[in-house]
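Colleague: Chains P and X are the protein sequences, given in the same order. Using my numbering, read the first sequence as starting at 1 and increasing by one per residue. Using my numbering, read the second sequence as starting at 1 and increasing by one per residue.
Because the hints were derived from the structure by calculation, they are not lab data. Hints are supplied without guarantee of correctness; some may be wrong.
Below, a list of computed lysine-lysine pairs in the BS3-like style, where the Cα atoms sit at most 25 Å apart [said to hold, decoys possible]:
1) X:K332 to X:K394
2) X:K402 to P:K143
3) P:K143 to X:K394
One-letter residues, chain by chain:
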Amino acid sequence: MNRDLPRWADWGLIPALNLALAFAVSGLVMLAVGESPLEAVYWIWVGAVGDGSAIYPHGESIGQTLYFTTYFIFTGLAVAVAFHCGLFNIGGEGQAYIGGLGVGLVCLYLDFLPFILILPAAILAGALFGGAWAFVPGYLQAKRGSHIVITTIMFNFIASSLMIYLLVNVLIEPGQQSPASRAFAEHARMPTIQDAFGWTGIDLGLSDLNLSFLWAIAACVFVWVFIWHTRWGYEIRTVGQNERAAVYAGISPARNIILAMVVSGALAGFVGLNAVMGDHHRLLRDFVLGYGFAGIAVSLMGRNHPVGVVLAALLFGALYQGGFVLDVEMDNVTRELVVVVQGLVILFAGALEHMFRPTIARWFARPAAAAVP
Amino acid sequence: MDLFLSLIQLLDSSLRLATPLVLAALAGLYCERAGIVDIGLEGKMLGAAFAAATTAYLTGSVWAGLVAGIAASVVLALLHGFACITHRGNQVVSGVAINTLVMGLTPVLGHAWFREGGQTPALSNGTPFAGVQLPYVPVDRDAAMALIVQQDPDLRTLRQLTNRLEAGDADLAARIDALLVAPTPVISWIMAGLQGFANGTVDFVTATRFTPIELPLAETLAPVPILGPVYGELISGHNILVYAAVALVPLTAWVLYRTRFGLRLRAVGENPAAVDTAGISVARMRYQAVIVTGILCGIAGAYLSTAHNAAFVRDMTAGKGYLALAALIFAKWRPVPVLLTCLLFGFLEAMEARLQGVSVPLIGEVPVQLIQAMPYILTVVLLAGFIGRAVAPKASGIPYVKER
């Protein structure tokens, strides 16, 4: 990372500027379809935090926002870890899908165990399945030189076909038409935060926010420790910064590429905890609704740091939840507007990151240069 | 004979399904050969499909739709170029951005404009194209006058117009004359498009969808065994974009290997520094490549919504852009293998529907999902170097920084 900018500009100003641009362009889209952008902002805000009315109570809205935030923390961290190794993991979607399969299998077939054993088993299975789905592209990149971007894309499609096959032919609930498994036993479901912490007096209404959220926060701490305070993280970052230098330092790029991908896939696999175990309580089709791709935007905005990822995930959680209300309240607008914002964030924060940087760097350089006589 | 006929039908639908893949893969070929990775084929196709169906619906002209589709795709391609060439951004990230943006934008606009769950209204079949039918060109004096009456709120009837003309209104006469100076076809298509937007719907031209073309002699040859069905069913009776896609393969091969442009294009993808030393602008070459990519992706998208289907449906590319990317890699970035690979992928897709629940001798029932996943599995295996080796152009994915 170059130090041509003060830290606060790098971490605050530039993401804020990118976000402002993304919102500005989305506003233009709104004007183009003849709707008021400010009204859209209002409804997204109401959707995300509620307005205290009976339809949009604060607790339930905020709970729902945090429920979506949970997804984006997992996938954002997944993308970030791979980024630190110089890898672009575009396969979060497939890894989350397969991770969910692992979680679902545990909940379906180990439900003779008590919850206290099912939970760690499900976490482990999500990590293992997601990690395994990322291991193959990682291995192929490290050892066979096939490009990670292409293989992870291919693995997204293969995951989708595999899941449909399993749901249609193996896991389908007997006597049912739709490709979905039976519902999990009551004790094999992830308790909602409301159920677990209702005694403290918080009121999250009927929101889907569940204990996976706490695991997401734990994952943030884990990533922070792993990337910046362990030898593995140090090696991964070295490979990501300069592969050749890593080789001279006795660090094996191949080993670290595989390691970074497996950790990345495992993090994406945790999406299954929130979706399958926490929300749907059964295995079904397409429970990963673009969360993997959204992770790219989250990671780019969060500058690949867990704190940044949490903040960006909160923003996207609010946007996703707000999008549902937008859909209902505004006639002419659909919730895909949120996807437009997401695309613009990826564009400005990712693809066009070099557009403003030099200009802003010059602003900061000028007073500093003037101060030196 | 029955088996033969169903084989012909299978190949026939393979060809139809392969067409968008061929177009999109050739599109990717141009920019990847110039060193620009393009994950955004999917988004460009989807954007083009939407623009083409919308414009075809509003103007009533499928050709105007095609032009609009190409224009939309080229704009997206230029955005990709702006990010990757001018600002040296990450090419993969830029592609993902474009895909995401279009995935969101098309349903938002579609819903706001048409209210059919993000779709465009169905396009009518109209009368089939007999060969190539020229689109709306307002050269006719009556048509020009009718147009002015339609546009001008002061004029209610044609009678009023002629009255004012007889009264010596030079301004009106000049406006009619301006329309009579026949604009080039492209301009008139765009005009037709703008007009359609202003008026809601206009039905100037009969067809709003690309329809099959019967090649000559198809009827005559029909009774001839083997040749008759092959010619009549398989070769004849496709829409013009299918033939265009097939024709673009040798054309691309020629451009790539036999022209100066092609030589420079390949050089820019392999060793941009050398091209720069020779006094050729790397950025300019790459921009040209990206524009060609945009044009071809635009045709691919227009094919989806105005030829293969008769409306834009949400997310109608459904991964075809990524499949084209896989085909491009599988073909090792060469034009003729691109055609063959796309035909293979199209064939697999055509088989999918026919193999559902059918037991194949010796193998048993093949899961449809396995056939669905087959192109992706094959590509991964190829990339891993287990069957041959796919080596990308050397400079692909690396922004070019001119040394100072």
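Colleague: Next, verify each hint and record whether it holds.
Modeller: Going down the list of hints, with the structure as the test:
no., hint, result
1, X:K332 to X:K394, "holds, 13 Å"
2, X:K402 to P:K143, "violated, 32 Å"
3, P:K143 to X:K394, "holds, 19 Å"
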